[in-house]
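Visitor: Chains as they are written, first to last, in the numbering used here: chain W, 1 to 344; chain A, 345 to 750.
Quick caveat, the hints were computed from the structure, so don't treat them as lab data.
Remember, it's a predicted structure, so these values are computed and weren't measured experimentally.
Where a beta carbon is used, it is the ideal one built from N, C-alpha and C, also for glycine.
Worth double-checking, as some hints may not be accurate.
Said to hold, decoys possible - Which chain W residues stay away from chain A? Per the calculated CB distances, all over 10 Å, these:
| # | residue |
| --- | --- |
| 1 | PRO42 |
| 2 | PRO73 |
| 3 | GLY161 |
| 4 | ASP179 |
| 5 | GLN184 |
| 6 | ASN192 |
| 7 | VAL206 |
| 8 | ALA234 |
| 9 | LEU243 |
| 10 | HIS250 |
| 11 | TYR305 |
| 12 | LYS327 |
To be verified - Straight-line C-alpha distance at most 30 Å; calculated BS3-like pairs for lysine-lysine:
| # | chain 1 | residue 1 | chain 2 | residue 2 |
| --- | --- | --- | --- | --- |
| 13 | W | LYS39 | W | LYS59 |
| 14 | A | LYS372 | W | LYS327 |
| 15 | W | LYS112 | W | LYS66 |
| 16 | W | LYS39 | W | LYS242 |
| 17 | W | LYS327 | A | LYS526 |
| 18 | W | LYS71 | W | LYS282 |
| 19 | W | LYS327 | A | LYS520 |
| 20 | A | LYS526 | A | LYS733 |
| 21 | A | LYS733 | W | LYS327 |
| 22 | W | LYS199 | W | LYS39 |
| 23 | W | LYS282 | W | LYS231 |
| 24 | W | LYS199 | W | LYS327 |
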Amino acid sequence: MDLERRQFLRGAAGAIATTAAAVAAPVNEAAAFGPREPKTLPPKAVGMLYDSTLCVGCKACVTACKQANGKPPEQPEALAAWNQGTWDTAEDISGKTLNVIRVYQDGNMSQKDREQDGYAFVKRHCLHCVDPSCISVCPVSAMQKDPVTGIVTHNPDACIGCRYCVYGCPFNVPQYQFDEPFGQIAKCQFCNHLQAEGKLPACCDVCPTGASLFGLVEELQAEAERRLAQKPGAPYEFPRGKLGGDRPGHEAPVGEYQPHVYGEKESGGTQVRYLTGVPHEKLGLPELPDHAYSAVSEGMQHTLYKGMIAPLALLGGLVVLARRNAKAYHDEDPTQTDDEEGTR
Amino acid sequence: MNVSNFTAESPDPALENHQPLGGAIVTKPFMILGLFVLIGGYFILRRFLFGMGDVSHMSNGFPIGTWVVLDVVIGTAFGCGGFAMALLVYILNRNVYHPLIRPALLGGVFGYTLAGLAVMIDLGRYWNAFNLLLPWYAQINSVIFEVALCVMAYVTVLWIEFWPAFLERMPPAFKKRFNLHKMQIFLRRYMYVFIALGVLLPTMHQSSLGSVLLIMGSKLSPLWYTTWLPLLFLISALAMGYGVVMLESTLVQRAFKLPSEAALLIRLSRVGAGLLTLFLVVRIGDLLARGQLGLAFAFDRYSILFLIETTLFAAPILVFASKRRCANSRLRFLATISLLAAGSLYRMNGYLLAINPGNGWTYFPSAPELLITVGVVCLEIMLYLIFIKTLPVLPGRIAEVAGRPS
Numbered sequence: 001m002d003l004e005r006r007q008f009l010r011g012a013a014g015a016i017a018t019t020a021a022a023v024a025a026p027v028n029e030a031a032a033f034g035p036r037e038p039k040t041l042p043p044k045a046v047g048m049l050y051d052s053t054l055c056v057g058c059k060a061c062v063t064a065c066k067q068a069n070g071k072p073p074e075q076p077e078a079l080a081a082w083n084q085g086t087w088d089t090a091e092d093i094s095g096k097t098l099n100v101i102r103v104y105q106d107g108n109m110s111q112k113d114r115e116q117d118g119y120a121f122v123k124r125h126c127l128h129c130v131d132p133s134c135i136s137v138c139p140v141s142a143m144q145k146d147p148v149t150g151i152v153t154h155n156p157d158a159c160i161g162c163r164y165c166v167y168g169c170p171f172n173v174p175q176y177q178f179d180e181p182f183g184q185i186a187k188c189q190f191c192n193h194l195q196a197e198g199k200l201p202a203c204c205d206v207c208p209t210g211a212s213l214f215g216l217v218e219e220l221q222a223e224a225e226r227r228l229a230q231k232p233g234a235p236y237e238f239p240r241g242k243l244g245g246d247r248p249g250h251e252a253p254v255g256e257y258q259p260h261v262y263g264e265k266e267s268g269g270t271q272v273r274y275l276t277g278v279p280h281e282k283l284g285l286p287e288l289p290d291h292a293y294s295a296v297s298e299g300m301q302h303t304l305y306k307g308m309i310a311p312l313a314l315l316g317g318l319v320v321l322a323r324r325n326a327k328a329y330h331d332e333d334p335t336q337t338d339d340e341e342g343t344r
Numbered sequence: 345m346n347v348s349n350f351t352a353e354s355p356d357p358a359l360e361n362h363q364p365l366g367g368a369i370v371t372k373p374f375m376i377l378g379l380f381v382l383i384g385g386y387f388i389l390r391r392f393l394f395g396m397g398d399v400s401h402m403s404n405g406f407p408i409g410t411w412v413v414l415d416v417v418i419g420t421a422f423g424c425g426g427f428a429m430a431l432l433v434y435i436l437n438r439n440v441y442h443p444l445i446r447p448a449l450l451g452g453v454f455g456y457t458l459a460g461l462a463v464m465i466d467l468g469r470y471w472n473a474f475n476l477l478l479p480w481y482a483q484i485n486s487v488i489f490e491v492a493l494c495v496m497a498y499v500t501v502l503w504i505e506f507w508p509a510f511l512e513r514m515p516p517a518f519k520k521r522f523n524l525h526k527m528q529i530f531l532r533r534y535m536y537v538f539i540a541l542g543v544l545l546p547t548m549h550q551s552s553l554g555s556v557l558l559i560m561g562s563k564l565s566p567l568w569y570t571t572w573l574p575l576l577f578l579i580s581a582l583a584m585g586y587g588v589v590m591l592e593s594t595l596v597q598r599a600f601k602l603p604s605e606a607a608l609l610i611r612l613s614r615v616g617a618g619l620l621t622l623f624l625v626v627r628i629g630d631l632l633a634r635g636q637l638g639l640a641f642a643f644d645r646y647s648i649l650f651l652i653e654t655t656l657f658a659a660p661i662l663v664f665a666s667k668r669r670c671a672n673s674r675l676r677f678l679a680t681i682s683l684l685a686a687g688s689l690y691r692m693n694g695y696l697l698a699i700n701p702g703n704g705w706t707y708f709p710s711a712p713e714l715l716i717t718v719g720v721v722c723l724e725i726m727l728y729l730i731f732i733k734t735l736p737v738l739p740g741r742i743a744e745v746a747g748r749p750s
């Protein structure tokens, strides 16, 4: 009895020590936890500058996008009465709509790009983040970022449809086709297939005012800063299609911009830039920190599972304890002795 | 009830004698459960024929609905009984709780297996699910990848841990013919490896279920979003594991008029009280450290959810920590329910109710969507009943089972 008791106490002490170590290790690590290093813009990152003050809401980009990507027109039920399948009236991006023009309205909407008693257009599509959440959460590498151009693409043959990219995207961009039995994730891939042929993304190609402007991200950033530096109302030659391309631009007065290039730093940076006359959060462009949440999430995983050392060490301790305790137990178990010979 | 009757040094051999409960399988409650399974099955069929939108209210604002949150995130926490008891019995060497292990394990087997079934209903491209196992598709930075592989491994481990119950029940001639007694010896000799894995794997994926939410950032209310999410999910999963063992033991004991395990449950509830206290210390401490505790008293939607959740976490401590209150079986039962509700609400808040995807998106599950979840849970209970009646799961001393109600 005394011996058993001592044995038990020794076992208990060991068990408590291991548990304490097992709990303390992740706690220590979590306390020392830091986000993973931020990612940087790929060398030849391409992107888009969307200037809300230039957009006239013609939605040519929406139609061109559908044609370029083989997506059907969309008729929400609420609008079905007067929309007899002739008009594409997508209200937001969806499984059938990769980009869309939305409108901000306030009061009597008497002036464009004014927050009060005004209206403004905004374009919604993938921002091709520098450090994308969708890539970080995807368990099967279905989301990929091109190492050169930085375009975020989706591979439906890899995708299992778990929809964590939809859940985790800070801009709510990836869209699952819930109304299809074999639905897939739909997202803007910046007309990757057209760019491979040397063409422009469809939306930038057809934009009549240059509100959607294609180019290298760093040049687009410089262009955005140039526009911000102009005096509102001053004439300015706005390029169309591609920044630095041979297409003629058009002259228009510079808009009254909010002093912020949206997309430069948001969520660790993106490859799309927005210039707007109305505060961006009014246009559905959310307020986000300068770091990517994917860096937080991956920092945690890399801390806890670094080289699988912590899990393996924990497993080792558990095996030792389980072996001793299970054995001690089964040796004195009267019901389990029938055919167990020579195990020791 | 004198607690000191049960000592770790000398487990009561009679209690160790797992036996099938016996009795009719097709009973009235069983038929009612079956009806819900059929209804769920009908809507599952529709989901596969016409797509998820046909039966569910999930949207691209709330792409994760009740199938994941109730069946997987909460369902696997309810399946943590086996994990929690194995930790206590085999790792911390508290043999006194040994009688509770097999029923807890069985609860884990079904909790996790049917979570896997729910995932297959929920996956939008289920025919590609095998890609999770193909190394060239693996994405090791993904928390979901860790959860998926770890849960698959744990389901396997749970069935292996439970396998001796099948072997004990098989007729000797059958075992001899297929040489199964060798397997029995092998399993008995190396079971400690599976026991260790059965503690490690849930530690990993239950904490990862918290890490999943780290990607949500500002979509999740700061009352829930913290880098301590993995630890909070782990502690609450363990607490729910003990809660489930207490609930299951009480319900089965009442339904089948088995001998009471109250003395054990009272001891176990103290472990629960400790875990709940630890949870609240980390939870409130983190809010204080981040300076967000003020949000708890803003009395908006998130503040009210937080206050309900925290009350549900705190209330059972008052019962479990007091010997007098804990001896009252009704109070103890209510406290157990409160514990399980607290853990469930914490998970539901983190995954759904405290999420704001912006753009005016809202989510409330549709009836067919919920009926699929209900059907899966009913299937789980039906299988549990079949197993405890036909396999040696519950402790012995059940000679007087005749005339039980169900």
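Visitor: If a hint holds in the structure, say so; if it does not, say that too.
Guide: Hint-by-hint comparison with the structure:
1. PRO42: holds, 18 Å
2. PRO73: holds, 18 Å
3. GLY161: violated, 2 Å
4. ASP179: Non-interface label fails for ASP179(W): nearest chain A Cβ at 4 Å, not farther than 10 Å.
5. GLN184: violated, 7 Å
6. ASN192: holds, 20 Å
7. VAL206: Label holds. Min Cβ-Cβ 26 Å, cutoff 10 Å.
8. ALA234: The claim holds: ALA234(W) sits with its nearest Cβ about 35 Å from chain A, beyond 10 Å.
9. LEU243: holds, 30 Å
10. HIS250: The assertion about HIS250(W) holds, with a minimum of 33 Å to chain A.
11. TYR305: violated, 7 Å
12. LYS327: Its Cβ does come within 10 Å of chain A, the nearest being 7 Å, so this is violated.
13. LYS39(W) to LYS59(W): Measuring from Cα to Cα gives roughly 34 Å; hence the hint is violated.
14. LYS372(A) to LYS327(W): Distance of about 42 Å is beyond 30 Å: violated.
15. LYS112(W) to LYS66(W): holds, 27 Å
16. LYS39(W) to LYS242(W): Holds - the C-alpha atoms of LYS242(W) and LYS39(W) are around 26 Å apart, at most 30 Å.
17. LYS327(W) to LYS526(A): Holds, at roughly 18 Å.
18. LYS71(W) to LYS282(W): Judged against 30 Å, a Cα distance of about 28 Å means the pair holds.
19. LYS327(W) to LYS520(A): holds, 26 Å
20. LYS526(A) to LYS733(A): Cα-Cα ~26 Å, so holds.
21. LYS733(A) to LYS327(W): With a Cα-Cα distance of about 28 Å, the restraint between LYS733(A) and LYS327(W) holds, given a limit of 30 Å.
22. LYS199(W) to LYS39(W): Holds. LYS199(W) to LYS39(W) sits at ~28 Å (cutoff 30 Å).
23. LYS282(W) to LYS231(W): The hint holds at about 24 Å.
24. LYS199(W) to LYS327(W): Violated. LYS199(W) to LYS327(W) sits at ~71 Å, over the 30 Å cutoff.
In terms of the numbered hints stated before, the structure departs from hints 3, 4, 5, 11, 12, 13, 14, 24, listed from lowest to highest.
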